[in-house]
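Engineer: Taken in order, these protein sequences are the chains called F and A.
Just so we're aligned: the first sequence equals residues 206 to 376 in the numbering used here.
Just so we're aligned: the second sequence equals residues 29 to 468 in the numbering used here.
None of these hints come from the bench; they were simulated from the model.
Don't take every hint at face value.
Not the full set, but computed from the structure, chain A residues with beta-carbon under 10 Å of chain F [as the list claims (entries may be wrong)]:
no., residue
1, D33
2, N38
3, N168
4, P172
5, M193
6, I202
7, D204
8, Q222
9, F237
10, S248
11, S251
12, Y347
13, I451
14, K455
15, E456
16, H457
Just so you know, even glycine gets a beta-carbon here, dropped at the ideal spot from N, CA and C.
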Amino acid sequence: MSMRSSGVLGIFNHPMTAKKGVKRLRDLGLAEITVLSPCASHEIEEAIGAGVSRVRWFTLTGAIIGGIFGFGLSIYTSVVWSQIVSGKPVVSIPPFIIIAFEMTVLFGGLATFLGMLLCARLPQLRFERTADERFTGSKIGLFVACAAENFSKAQEAMRDAGAEEVSVETN
Amino acid sequence: METLDYVRVNRDVLRTIERPTKRYFLWLLIPFFALIIGFSAWFYQVQMGLGVAGISHPVMWGIYVVNFVFWVGIAHSGTLISAILFLVRARWRTAVYRAAEIMTLFAIMTAGLFPLIHLGRPWYFYWILPYPNQRWQWPNFKSPLTWDVFAIMTYLIISFTFLYMGLIPDIATIRDRAKGSWRKFYGILSLGWQGTDEQWRHFSSAYLFLAAFATPLVVSVHSVVSWDFAMAVVPGWHSTIFAPYFVGGAIHSGLAMVITLMVPMRRIFGLYDYITEKHLESLAKVIVFTGLIMGYSYLTEHFIAWYSANPVEMETFKYRAIGDYWPEFWIMIVFNSLVPLAFFFKKMRTNVVSLLVISILINVGMWFERFVIIVTSLGHEFMPHAWGLYRPSPIELSIMAGAFGFFLLLFAAFIKIFPAVSICEMKEHLPLHIEVSKGK
Numbered sequence: 206m207s208m209r210s211s212g213v214l215g216i217f218n219h220p221m222t223a224k225k226g227v228k229r230l231r232d233l234g235l236a237e238i239t240v241l242s243p244c245a246s247h248e249i250e251e252a253i254g255a256g257v258s259r260v261r262w263f264t265l266t267g268a269i270i271g272g273i274f275g276f277g278l279s280i281y282t283s284v285v286w287s288q289i290v291s292g293k294p295v296v297s298i299p300p301f302i303i304i305a306f307e308m309t310v311l312f313g314g315l316a317t318f319l320g321m322l323l324c325a326r327l328p329q330l331r332f333e334r335t336a337d338e339r340f341t342g343s344k345i346g347l348f349v350a351c352a353a354e355n356f357s358k359a360q361e362a363m364r365d366a367g368a369e370e371v372s373v374e375t376n
Numbered sequence: 029m030e031t032l033d034y035v036r037v038n039r040d041v042l043r044t045i046e047r048p049t050k051r052y053f054l055w056l057l058i059p060f061f062a063l064i065i066g067f068s069a070w071f072y073q074v075q076m077g078l079g080v081a082g083i084s085h086p087v088m089w090g091i092y093v094v095n096f097v098f099w100v101g102i103a104h105s106g107t108l109i110s111a112i113l114f115l116v117r118a119r120w121r122t123a124v125y126r127a128a129e130i131m132t133l134f135a136i137m138t139a140g141l142f143p144l145i146h147l148g149r150p151w152y153f154y155w156i157l158p159y160p161n162q163r164w165q166w167p168n169f170k171s172p173l174t175w176d177v178f179a180i181m182t183y184l185i186i187s188f189t190f191l192y193m194g195l196i197p198d199i200a201t202i203r204d205r206a207k208g209s210w211r212k213f214y215g216i217l218s219l220g221w222q223g224t225d226e227q228w229r230h231f232s233s234a235y236l237f238l239a240a241f242a243t244p245l246v247v248s249v250h251s252v253v254s255w256d257f258a259m260a261v262v263p264g265w266h267s268t269i270f271a272p273y274f275v276g277g278a279i280h281s282g283l284a285m286v287i288t289l290m291v292p293m294r295r296i297f298g299l300y301d302y303i304t305e306k307h308l309e310s311l312a313k314v315i316v317f318t319g320l321i322m323g324y325s326y327l328t329e330h331f332i333a334w335y336s337a338n339p340v341e342m343e344t345f346k347y348r349a350i351g352d353y354w355p356e357f358w359i360m361i362v363f364n365s366l367v368p369l370a371f372f373f374k375k376m377r378t379n380v381v382s383l384l385v386i387s388i389l390i391n392v393g394m395w396f397e398r399f400v401i402i403v404t405s406l407g408h409e410f411m412p413h414a415w416g417l418y419r420p421s422p423i424e425l426s427i428m429a430g431a432f433g434f435f436l437l438l439f440a441a442f443i444k445i446f447p448a449v450s451i452c453e454m455k456e457h458l459p460l461h462i463e464v465s466k467g468k
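Isolated chain A, as found in the complex:
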């Protein structure tokens, strides 16, 4: 096996952004059509009103909010890998953190679509922003929905800044080898980076501080999103467990999505020497941990509901397990807390097929977790005469498909324009006894 050196890292990673083949564009048609379908469905919804969605009394939050929470959760793992693992000097993060950060940025953008989609009058979305107006009206800063706006907006801006800053040296590498208008494009984005010792010194310092800022964001943003539910008095929502429950779930689903993206990516780009079995195994080990957290959270919720002897709380959790949505509930329990236990076995952690299958099942399970939390609680609150059912309508499902298309399209396009593995950090972490280059 050829040893990794500076020359090889440059060659292998820059090869991933070579001119795409016809096959690449054919594959892109799938998310593209999903996006068209989703956009058309949303356009129809704006014209006809929110009644075309399945949302109705008593379930006033349906799969739009499910998808919002799902995508915010996916976004968290990217920051965990790039920022938190950077601070604890986990070297294995080097090959996977760039793709995880890219996933974070587009996941948070996808999540941000849903509060807008969910509005009855989306053209008034800016009313949630604090701007002076002639009626002197301001947002309610005591509302979790306003906290959401600030948290998600901060997370989006900081994630973008963190990603872009880390990309600057790599963009300079591409700039020096690009031709024609691409050279100008990368030249502008590289900001004239040369790689002087002074630039690296300030870069390293800034990267450390940004990582330190991104770390509490991972915990705070999904805690704020969880308080959309916990601050209400709805049974099954009004619990102090929600913040750690949601953050744990976010990391769980995000890591699974990283594996779902990494496995095909390393195959398509031939990055087996960079994203190795060890990297995938390390991700799988963390998933075991987060899966146990999820299992413990489910047990705690049910135990507290029983221990409280609160009849409404007990009824809610009984309804979840054996009521109208029992299939969704048991998918959640099995896929999130039992299936990941397979990663206790090394064979399962190192086999790409099992990694891919289990990661997809975890994401399905996490989607259904949000569905169970939102729909069963809203549909089965305090007053039995007000209980009701919810089924997502074709419009909602089309918009959901469009969101997946949006995410995949952006991700696939980005990794063909910018390197999905960090060139400069891979070089930085090559063993010092290896000779840097034997050629140019």
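Bound conformation, chain F alone:
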């Protein structure tokens, strides 16, 4: 959700009150919500209803590429520079499984991290809104982007849910 647009910002003290705030706003049809919190909260995640993260596809792709690379590297190099050892196979799968396994984990892990960065749109060189240090400390920020005629509705919903502070942010 973009925080460059105008909207209402509420400051909450507790994940449960922030969750209530999210629910109230969604009930009013205001769904462009961004929550800033100092830690992950499954309650808030549920309330927002954003669905499953796409990171898993990066993980799967990376792991498959890694496995293919591991087998490919070991098989290709064995064929191109063979060490013939008394009737033992040149392309020997059991030891190559170890290389393929490690490359699967390596590529899968790195792809997971890359996927996280891309999906979370990191690194962010400029913040969309000046970072409020309270949101990495002890407060939870709930921002809803909406048109000016919905400002008062949103403010009331947040206050009812238990917001400590509510303010209108215009851009």
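Dock chain A against the given chain F, drawing on the hints supplied.
Structural biologist: Below, chain A alone, put in the same frame as chain F:
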């Protein structure tokens, strides 16, 4: 006792990375001097050749390989605590996993020094890497030594990635409170993290998958290291028990090292409300389990040697128990499988002195286990006329001291720059009925 809330977690953990005192720097001089001594000894070795080490026929692998296996083993517990305990939702891991992960990263870096130190021509270390060259030569992918390179390198990269990714939200917390050039430093490392719901969603998913990848690494990496020995036909090495034996031993020594680091750390930083008696007790309980595994492994090895009726195998295990290295053998047996049984008693599990002493004894015992496996088997193989002895030289011992200095220096420096307890996860696991904050 003040209740733990978001404000308190921030305050207590950020206090651990405040400007260090003069006393901190004085203590750091010890590992620093050890590192200087170790580096000088290695420099001398590179100039004069590997002959200055005690390694000679028939014991061609000495304490460099002992230390390599020892440090790889230490590294495994960090991943067990941070990844495996995460997957099984063991909540007690929250306060200790960050320090354990830091220990893992620096232990694996320390381990990685030893294959290089052990090379006669260390400037050719890159020959083990698969890169195209004009002679079309490639590493032998059927060799356990090549498997080692891939396994250790993968473990190092994944451990670093796992640690860094978990640190990003905490670095953002520090960034927002730092001043001057530190703010820029933490700002770059935090990658602009804001803590939006979308960022947390992808972060949580990525963390779960990384934990799932790190879990088989714990088992596979030390299994691969054990196959450096098991794939040889040396008596006492060529056994199918080696993979689970080494992995069990790795967890055993790693958990002991976690306790050795946690006990002084919680005292120095005043983290008694975070790393509680319960946490240390939980670690001690797992050590009881791994200690029993080690005892069972020793019994199995000796039983199989006897049951096989293979005269060479029987002789090897008899030599270990009553031969030239009998003190090292009995230190291994007593410190690894008998001493940890003390943790069956709650009083021993919850007393910090006994926890610290027993954890140090376990690490000494595990070091001697690797020594016994490597030196007694190589020194007492098939041909009696080829039997020989090994004693580590002062150069080897100096380099070993330098490695300990390397590890401690890095660990001590890291926990003063980055939080050794996870701020965001501590907050996540606070009981929901507790009010988040009463102040800012």
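Engineer: A separate judgement is required for each hint: does it hold in the structure or not?
Structural biologist: For each hint, the structure was consulted:
1. Proximity of D33/A to chain F holds as hinted, the smallest CB-CB distance being about 7 Å (cut-off 10 Å).
2. Because the beta carbon of N38/A sits about 6 Å from the nearest beta carbon in chain F, less than 10 Å, this interface hint is met.
3. Annotation: interface hint on N168/A holds; nearest CB of chain F at approximately 6 Å, less than 10 Å.
4. Because the beta carbon of P172/A sits about 8 Å from the nearest beta carbon in chain F, less than 10 Å, this interface hint is met.
5. For M193/A, the interface hint holds, the least distance from its beta-carbon to any beta-carbon of chain F being 6 Å, beneath 10 Å.
6. At its closest, the beta carbon of I202/A sits 9 Å from a beta carbon of chain F; the interface hint therefore holds under the 10 Å criterion.
7. Below 10 Å, beta-carbon pairs count as interface contacts, and D204/A has one with chain F at about 4 Å; its hint therefore holds.
8. Interface restraint check: Q222/A against chain F, minimum CB-CB distance 6 Å, threshold 10 Å, status holds.
9. For F237/A, the interface hint holds, the least distance from its beta-carbon to any beta-carbon of chain F being 5 Å, beneath 10 Å.
10. Annotation: S248/A was flagged as interfacial toward chain F, and the flag holds, the nearest CB pair being 6 Å apart, inside 10 Å.
11. Interface hint status for S251/A: upheld, as the beta-carbon distance to the closest one in chain F is roughly 9 Å, under 10 Å.
12. Here the hint on Y347/A is broken, as its CB sits about 31 Å from the closest CB of chain F, past 10 Å.
13. Below 10 Å, beta-carbon pairs count as interface contacts, and I451/A has one with chain F at about 8 Å; its hint therefore holds.
14. At a threshold of 10 Å, the smallest CB-CB gap from K455/A to chain F is about 4 Å, leaving the interface hint in force.
15. This hint holds: E456/A has a C-beta 4 Å from the nearest C-beta of chain F, less than the 10 Å allowed.
16. Hint status for H457/A relative to chain F: holds, with the closest Cβ pair at about 9 Å, below 10 Å.
Checked against the numbered hints listed earlier, the structure breaks hint 12 alone; every other hint is satisfied.
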